[in-house]
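*Asks:* So you can see what is in the structure, the chains are spelled out below.
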Amino acid sequence: MDELEFRRRIYADPETTDSDVIAAAKADENKRKFWNEQKQFDKQLKQAVKVDVPEDLKHKLIWQQSANEFAIYQKRSRWYVAMAASIAFTVGIGFTMWYHQPVSIGGQALAHMQYAETERAHTLLPVDLEQVNAKLASFGGSFTDMIGDVEVVNYCHLSTVRSLHLIVDTPQGKMSVFIVPERGDVRVPAEFEDKQYHGESIKMHHANIMVVGNKDADLTEMKKAITDRIHFSA
Amino acid sequence: MFARNRSGSSQVLSNMKAKHKRYEALVNAFHADIFRYAYWLVKDRSVAEDIVQETFLRAWRSLDSLNDEKAAKSWLITILRRENARRFERKQFDTVDIDDVSVHDETQDAEGDVQDRELHRLLGGLSDEYREPLVLQLIFGFSGDEISQQLNLNKNTVMTRLFRARNQLREALERQNEQRGQANG
Numbered sequence: 001m002d003e004l005e006f007r008r009r010i011y012a013d014p015e016t017t018d019s020d021v022i023a024a025a026k027a028d029e030n031k032r033k034f035w036n037e038q039k040q041f042d043k044q045l046k047q048a049v050k051v052d053v054p055e056d057l058k059h060k061l062i063w064q065q066s067a068n069e070f071a072i073y074q075k076r077s078r079w080y081v082a083m084a085a086s087i088a089f090t091v092g093i094g095f096t097m098w099y100h101q102p103v104s105i106g107g108q109a110l111a112h113m114q115y116a117e118t119e120r121a122h123t124l125l126p127v128d129l130e131q132v133n134a135k136l137a138s139f140g141g142s143f144t145d146m147i148g149d150v151e152v153v154n155y156c157h158l159s160t161v162r163s164l165h166l167i168v169d170t171p172q173g174k175m176s177v178f179i180v181p182e183r184g185d186v187r188v189p190a191e192f193e194d195k196q197y198h199g200e201s202i203k204m205h206h207a208n209i210m211v212v213g214n215k216d217a218d219l220t221e222m223k224k225a226i227t228d229r230i231h232f233s234a
Numbered sequence: 235m236f237a238r239n240r241s242g243s244s245q246v247l248s249n250m251k252a253k254h255k256r257y258e259a260l261v262n263a264f265h266a267d268i269f270r271y272a273y274w275l276v277k278d279r280s281v282a283e284d285i286v287q288e289t290f291l292r293a294w295r296s297l298d299s300l301n302d303e304k305a306a307k308s309w310l311i312t313i314l315r316r317e318n319a320r321r322f323e324r325k326q327f328d329t330v331d332i333d334d335v336s337v338h339d340e341t342q343d344a345e346g347d348v349q350d351r352e353l354h355r356l357l358g359g360l361s362d363e364y365r366e367p368l369v370l371q372l373i374f375g376f377s378g379d380e381i382s383q384q385l386n387l388n389k390n391t392v393m394t395r396l397f398r399a400r401n402q403l404r405e406a407l408e409r410q411n412e413q414r415g416q417a418n419g
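Line by line, the protein sequences are chains A and B.
Under my numbering, the first residue of the first sequence carries the number 1, and numbering increases by one thereafter.
Under my numbering, the first residue of the second sequence carries the number 235, and numbering increases by one thereafter.
Each hint should be verified, as a subset may be incorrect.
[Said to hold, decoys possible] Here are a few chain B residues that face chain A, going by a calculated C-beta distance under 10 Å: (1) ARG279; (2) VAL281; (3) ALA282; (4) GLN287; (5) LEU300; (6) LYS304; (7) PHE322; (8) GLU323; (9) GLY359; (10) LEU368; (11) GLN371; (12) ILE373; (13) SER377; (14) VAL392.
[As the list claims (entries may be wrong)] Computed cross-link-like contacts, PhoX-like style, restricted to lysine-lysine with a CA-CA straight-line distance of at most 25 Å: (15) A/LYS75 with B/LYS255; (16) B/LYS255 with A/LYS60; (17) A/LYS60 with B/LYS307; (18) A/LYS75 with B/LYS251; (19) B/LYS389 with A/LYS60; (20) B/LYS389 with A/LYS43; (21) A/LYS58 with B/LYS304; (22) A/LYS46 with B/LYS255; (23) B/LYS277 with A/LYS50; (24) B/LYS253 with A/LYS43; (25) A/LYS46 with B/LYS389; (26) A/LYS58 with B/LYS253; (27) B/LYS277 with A/LYS43; (28) A/LYS58 with B/LYS251.
[To be verified] Estimated spans, in silico, between C-beta atoms of each pair: (29) B/VAL246 with A/ARG187: 40 to 46 Å; (30) A/TRP63 with B/LYS304: 24 to 30 Å; (31) A/ALA71 with B/GLN413: 54 to 60 Å; (32) A/LYS43 with B/LEU300: 29 to 35 Å; (33) B/LYS255 with A/TYR80: 14 to 20 Å.
I should point out that these hints are in silico values taken from the structure, not numbers from a laboratory.
All C-beta atoms in this analysis are idealised placements derived from N, C-alpha and C, irrespective of residue type, glycine included.
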């Protein structure tokens, strides 16, 4: 191995373990000397390359990673909270709107008829005028006379409207009378029906009254009896 | 179902802990050399620090893909070089060619013998293509093969650059000694 090649190899890697380089160094003292000088020089280079590392760098690296992760976590949880809040808000608005939407009560009255069927069974004692009026009083009304054979008188909620439900036995079959206090957001249809029942309503000054009977029942008489006998104070 | 969820989340937590441990080990083992390497790439301590921080942040994000701990060193170097290239693209228009200005930084003023400072200056004065393989060899003890893999260069090219790097350093030192000798004589 000539001088130049030897130098090239040593310069390229002073710590080489290549056997031909080692052999060449063994054979030539000058080469050994050169190599040793290079090793010495490399030590200095290694020293020079070792610049000071900022003392806090290690902690910064560990800290920045946790901070970054925390930020991601926070961002994510903020996103979740925002989402949850927005859903809750929408549900709230939706529910409020649903709750406050004008209630159509005819359907509710019909639904109540089913309930009335079972209700009737466990009230054997007939109801007298006093009982009816006592309950009607909370709506500011009263009957001057009984409107027939009243079997049941009870408060009930048609949708969100507290109403008084009377079940009356008539020659036309059982009829239900709902006395619904006047409320701005309540729509009472003039007539309504389903497969089994049909109903008509009477619009009065302080209340709406719905009369529901069997499909074929004539409600006229009952309506007349009610309009004649019910009175609302002021 | 709840129990399963709980054990699932504790699994996640312990995975997280393990990841933290790995990351800290990585930082402990390599941050100093990675910083030095970055410094010799950019020759600016604060920029080097930024790049190192960015490098370790990226390393954290893809820590799961690091399967071989032995490869960690070259993995980090790869991330760092990419990060540096990215920075270089961004800053292409407002950087000054460092070869045209005298390299001066705070480490030069730090304590250390004259020759150390001299070598530091000369190393900074080497062109990037010579300095980078040399620094990889000096800092990480990489072999010619490892350097050629890391820099994606032919091994002969790497060996030639290493040779020229040291050759230039020797010549520059000798020139200076002569000058000094003449001034003294």
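*Asks:* Work down the list of hints and note, for each, if the structure agrees.
*Replies:* Hints, one by one, checked against the model:
1. Look at B/ARG279: its Cβ gets to within about 7 Å of chain A, closer than 10 Å, so that hint holds up.
2. At about 12 Å, the closest approach between the beta carbon of B/VAL281 and any beta carbon in chain A exceeds 10 Å, and the interface hint on this residue is violated.
3. Proximity of B/ALA282 to chain A holds as hinted, the smallest CB-CB distance being about 9 Å (cut-off 10 Å).
4. Hint on B/GLN287 holds. Least Cβ distance to chain A is approximately 6 Å, under the 10 Å limit.
5. Below 10 Å, beta-carbon pairs count as interface contacts, and B/LEU300 has none with chain A, the closest being about 14 Å; its hint is therefore violated.
6. Interface restraint check for B/LYS304: the shortest CB-CB distance to chain A comes to about 20 Å, outside 10 Å, so the restraint is violated.
7. The beta carbon of B/PHE322 comes no nearer than 20 Å to any beta carbon in chain A, farther than 10 Å, and the hint placing it at the interface is violated.
8. Annotation: interface hint on B/GLU323 violated; nearest CB of chain A at approximately 23 Å, more than 10 Å.
9. The criterion of a C-beta within 10 Å of any C-beta in chain A is not met by B/GLY359, whose closest approach is roughly 12 Å, and the hint is violated.
10. Interface restraint check: B/LEU368 against chain A, minimum CB-CB distance 8 Å, threshold 10 Å, status holds.
11. A cut of 10 Å between beta carbons decides the hint on B/GLN371: the least distance to chain A is about 7 Å, and the hint holds.
12. Among the interface hints, the one on B/ILE373 holds; its C-beta lies about 6 Å from the nearest C-beta in chain A, closer than the 10 Å criterion.
13. The interface hint given for B/SER377 holds, since its Cβ lies 8 Å from the closest Cβ of chain A, which is under the 10 Å cut-off.
14. Checking B/VAL392 against chain A: minimum C-beta separation of about 8 Å stays under 10 Å; hint holds.
15. Only pairs whose Cα atoms come within 25 Å are accepted, and A/LYS75 paired with B/LYS255 is accepted, the gap being roughly 24 Å.
16. A threshold of 25 Å between alpha carbons decides the hint, and for B/LYS255 with A/LYS60 the separation of about 16 Å falls inside it, so the pair holds.
17. Restraint check: the Cα-Cα separation between A/LYS60 and B/LYS307 comes to about 20 Å, which is no more than 25 Å; the hinted pair holds.
18. Among the hinted pairs, A/LYS75 with B/LYS251 is consistent with the structure: their alpha-carbon atoms are about 21 Å apart, no more than 25 Å.
19. Distance restraint check for B/LYS389 and A/LYS60: the Cα-Cα separation of roughly 37 Å exceeds the 25 Å cut-off, and the hinted pair is therefore not satisfied.
20. With a CA separation close to 24 Å, the supplied pair B/LYS389 and A/LYS43 stays within the 25 Å bound.
21. Taken as a hint, the A/LYS58 and B/LYS304 pair is honoured in the structure, with Cα atoms around 21 Å apart against an allowance of 25 Å.
22. For the suggested pair A/LYS46 and B/LYS255, the alpha carbons sit about 30 Å apart, so the restraint of at most 25 Å is broken.
23. For the proposed pair B/LYS277 and A/LYS50, the alpha carbon gap of about 13 Å is at most 25 Å, so the pair holds.
24. Under the criterion of a C-alpha separation no larger than 25 Å, the hint pairing B/LYS253 with A/LYS43 is inconsistent with the structure, at around 37 Å.
25. In summary, the hint linking A/LYS46 to B/LYS389 is supported, as the alpha carbons are separated by about 22 Å, within the 25 Å threshold.
26. This hinted pair checks out: A/LYS58 and B/LYS253 have alpha carbons roughly 17 Å apart, not beyond 25 Å.
27. Pair hint B/LYS277 plus A/LYS43 holds up; C-alpha atoms about 21 Å apart against a cutoff of 25 Å.
28. Simply put, A/LYS58 and B/LYS251 have alpha-carbon atoms about 18 Å apart, close enough for the 25 Å limit, and the pair holds.
29. Between B/VAL246 and A/ARG187, the C-beta spacing of about 55 Å breaks the proposed range 40 to 46 Å.
30. The hint said 24 to 30 Å for the Cβ distance between A/TRP63 and B/LYS304, and at roughly 27 Å that hint holds.
31. The hint said 54 to 60 Å for the Cβ distance between A/ALA71 and B/GLN413, and at roughly 55 Å that hint holds.
32. Between A/LYS43 and B/LEU300 the beta carbons are some 32 Å apart, a value that agrees with the proposed interval 29 to 35 Å.
33. Distance hint check: the CB atoms of B/LYS255 and A/TYR80 are about 28 Å apart, inconsistent with the given range 14 to 20 Å.
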